[in-house]
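Chain by chain, the residues run as shown.
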Amino acid sequence: MPGGGQCPDCGSTELVEDSHYSQSQLVCSDCGCVVTEGVLTTTFSDEGNLREVTYSRSTGENDQVSRSQQRGLRRVRDLCRVLQLPSTFEDTAVAYYQQAYRHSGIRAARLQKKEVLVGCCVLITCRQHNWPLTMGTVCALLYADLDVFSGTYMQIVKLLGLDVPSLCLADLVKTYCSSFRLFQASPSVPAKYVEDKEKMLSRTLQLVELADETWLVTGRHPLPVITAATFLAWQSLQPSHRLTCSLARFCKLANVDLPYPASSRLQELLSVLLRMAERLAWLQVLKLDKRSVVKHIGDLLQHRHTLVRKAFRDGTAEMEAGEKELRGRCQGPEQGKEEVASSSLDLPEGKRPASPTPLLPPCMLKPPKRICPPPPVSTVTGDENISDSEIEQYLRTPQEIKDFEKAQAARQAARSVSNPP
Amino acid sequence: PPYAQGLASPQGAMTPGIPIFSPMMPYGTGLTPQPIQSTNSLSILEEQQRQQQQQQQQQQAQQQQQQQQQQAQQQQQQQAVAAVQQSASQQATQAASGQTPQLFHSQTLTTAPLPGTTPLYPSPMTPMTPITPATPASESSGIVPQLQNIVSTVNLGCKLDLKTIALRARNAEYNPKRFAAVIMRIREPRTTALIFSSGKMVCTGAKSEEQSRLAARKYARVVQKLGFPAKFLDFKIQNMVGSCDVKFPIRLEGLVLTHQQFSSYEPELFPGLIYRMIKPRIVLLIFVSGKVVLTGAKVRAEIYEAFENIYPILKGFRKTT
Numbered sequence: 001m002p003g004g005g006q007c008p009d010c011g012s013t014e015l016v017e018d019s020h021y022s023q024s025q026l027v028c029s030d031c032g033c034v035v036t037e038g039v040l041t042t043t044f045s046d047e048g049n050l051r052e053v054t055y056s057r058s059t060g061e062n063d064q065v066s067r068s069q070q071r072g073l074r075r076v077r078d079l080c081r082v083l084q085l086p087s088t089f090e091d092t093a094v095a096y097y098q099q100a101y102r103h104s105g106i107r108a109a110r111l112q113k114k115e116v117l118v119g120c121c122v123l124i125t126c127r128q129h130n131w132p133l134t135m136g137t138v139c140a141l142l143y144a145d146l147d148v149f150s151g152t153y154m155q156i157v158k159l160l161g162l163d164v165p166s167l168c169l170a171d172l173v174k175t176y177c178s179s180f181r182l183f184q185a186s187p188s189v190p191a192k193y194v195e196d197k198e199k200m201l202s203r204t205l206q207l208v209e210l211a212d213e214t215w216l217v218t219g220r221h222p223l224p225v226i227t228a229a230t231f232l233a234w235q236s237l238q239p240s241h242r243l244t245c246s247l248a249r250f251c252k253l254a255n256v257d258l259p260y261p262a263s264s265r266l267q268e269l270l271s272v273l274l275r276m277a278e279r280l281a282w283l284q285v286l287k288l289d290k291r292s293v294v295k296h297i298g299d300l301l302q303h304r305h306t307l308v309r310k311a312f313r314d315g316t317a318e319m320e321a322g323e324k325e326l327r328g329r330c331q332g333p334e335q336g337k338e339e340v341a342s343s344s345l346d347l348p349e350g351k352r353p354a355s356p357t358p359l360l361p362p363c364m365l366k367p368p369k370r371i372c373p374p375p376p377v378s379t380v381t382g383d384e385n386i387s388d389s390e391i392e393q394y395l396r397t398p399q400e401i402k403d404f405e406k407a408q409a410a411r412q413a414a415r416s417v418s419n420p421p
Numbered sequence: 001p002p003y004a005q006g007l008a009s010p011q012g013a014m015t016p017g018i019p020i021f022s023p024m025m026p027y028g029t030g031l032t033p034q035p036i037q038s039t040n041s042l043s044i045l046e047e048q049q050r051q052q053q054q055q056q057q058q059q060q061a062q063q064q065q066q067q068q069q070q071q072a073q074q075q076q077q078q079q080a081v082a083a084v085q086q087s088a089s090q091q092a093t094q095a096a097s098g099q100t101p102q103l104f105h106s107q108t109l110t111t112a113p114l115p116g117t118t119p120l121y122p123s124p125m126t127p128m129t130p131i132t133p134a135t136p137a138s139e140s141s142g143i144v145p146q147l148q149n150i151v152s153t154v155n156l157g158c159k160l161d162l163k164t165i166a167l168r169a170r171n172a173e174y175n176p177k178r179f180a181a182v183i184m185r186i187r188e189p190r191t192t193a194l195i196f197s198s199g200k201m202v203c204t205g206a207k208s209e210e211q212s213r214l215a216a217r218k219y220a221r222v223v224q225k226l227g228f229p230a231k232f233l234d235f236k237i238q239n240m241v242g243s244c245d246v247k248f249p250i251r252l253e254g255l256v257l258t259h260q261q262f263s264s265y266e267p268e269l270f271p272g273l274i275y276r277m278i279k280p281r282i283v284l285l286i287f288v289s290g291k292v293v294l295t296g297a298k299v300r301a302e303i304y305e306a307f308e309n310i311y312p313i314l315k316g317f318r319k320t321t
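Protein chains in written order, with full-length UniProt numbering: chain A, 1 to 421; chain B, 1 to 321.
Hints in this document: simulated from the structure, not taken from any laboratory.
Certain hints may be false.
Listed below are the simulated PhoX-like cross-link pairs for lysine-lysine, each with C-alpha atoms no more than 25 Å apart in a straight line [to be verified]: (1) A:Lys369 x B:Lys247; (2) A:Lys310 x B:Lys315; (3) B:Lys225 x A:Lys402; (4) A:Lys158 x B:Lys279.
When you get a sec, could you build the whole thing from the sequences and use the hints?
Below, the structure written as structure tokens:
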């Protein structure tokens, strides 16, 4: 390159900028003499402009979907296909999964949690479209623990700020009942046990609605109630042949798992029906029990609104009446009115059944397990003197310490003997 | 448990004739909670007036508390304007802005007769409670939550040798493989303490703030007598738990529908409804039996305030058959 130096050896002005690997050099093109050399190493400040792109940005990992996220999205689509959900559900669930993945807490979570997250996204999507999918089903499909599932589910709902509607009971009844294998005769299901699906569905829905009205559903897992209602509906449609069949056998016939609480829900539902039967004129004379009431479920359901109103007095109104008494109002006229009203609609005096039971959830009807005495009013100020003797009761005497150390040493020795190295 | 599955997909159930998302047959009162309705327009008007007065008075109280903050002053102006023009829909939006919501019909529900039945209660024309200018005190529930547990922390100010403490104290247990702290218990007040080697201590189980402080001092004295130069620095109450009983059953499904932004009710997971109140910042567990557990408070007043806020909401869900 002309302009500038001269070669010290041959005096030519033909100097060329040439680099030897990373070292820049000024070389004479005639004799090859190296006139000047660049620096082989660069300082930290020199490299300033070489550090513009961080490693993670240069590899593009933040733009791509990570492998574990890809796996998760594939699992979401697979789960949606296994459940035969509409395709719009798939897109929504995938979007939720991606949204969750943007949070660092989810990205860094264990694989078990990411697997469960797949189920959570699908469940939220189904709930928002009123598709009745229970958590138990999702956990069974994912081989996941319900505890792990519940923790992740609550966390993700809070994290994404989602509005998840409650499980729709009517839809759940329809799908769950449809899964009972009782609508066609088969080697395991005798002809007298086969039932028409529509009749069974409508009766089950009415029984579940009755259970809901009488506080048997609030706060409880919905599925055992539906199992009990399905059983009662099935029995009541042909009681002569089916009264001998137990709940467990029924579930086995229908190829459905028997939920553990279903038997106690069944008893609760039967006692509600018995109370209602006491108010039905032509059933009062029959002295029904929990088995015979099944034969009359059809009648009871037909008049259920009136019967519930008559059979159960409002537990809260009774409490309010008590409050009014405290405020000095006379309770007599109201109670009298209630008695008169019920007696005018029912049988004459002699045959009137026992006064109505309060309509309360079963947990409020049971007597309290133990009466909690009101806590004594404590006059502790927090700054009292603490006596030495009180503290000394918590300290070991020197003898005790020696004994304890001896016992510990003996235990160590015994352990090392039993586990020879 | 395996039973907990319902059938996943309705594949066979939903025949082509039935569209999947068709509205459900109306069932009556059972599965869909009835909207709370008052059938008497006069009582609605009275109720509106009473609610307005309540809102104004409550807002005045709030104004006094927030006078130090500029932002709050702006809020006050908005609230004063809103109070003058109050209507039911505005109340709903105000609730959405983060204040604890008040049910519009909370007072009239108990007096409204069922359509079609002979009214068993006195008609709503005669008001159950006198319509005096309502002060917040007269609306109070009369129920006081009981404190059940106080969690507090204190710094003993010196490093501790946990092995020595476990050796020389009678009431201590120490299993380093399980947990890196000594668990110590005293009988009066009946509490448990976790003592860490850094000198920090957590004291749980007391039923009042003073008892918690006394118990923490006793633990510090025990550690002192074991030969460590323990002090009593930065005693702080971290959490208070209270409980009470409103004595009437609550329709949790209805509560989660109207207060969806605060409530979480998953009967498949837990029988109670989890209500996260914003002001004060307290979490309430509400059960169908009417029992309420309040937690997350740093001072006793927050528990009382939270209960006074939730009580009118719960009264609104007292279902009359």
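Next on the checklist: When the structure is checked against the list of hints, which entries are broken? Sort them ascending.
Outcome noted: none
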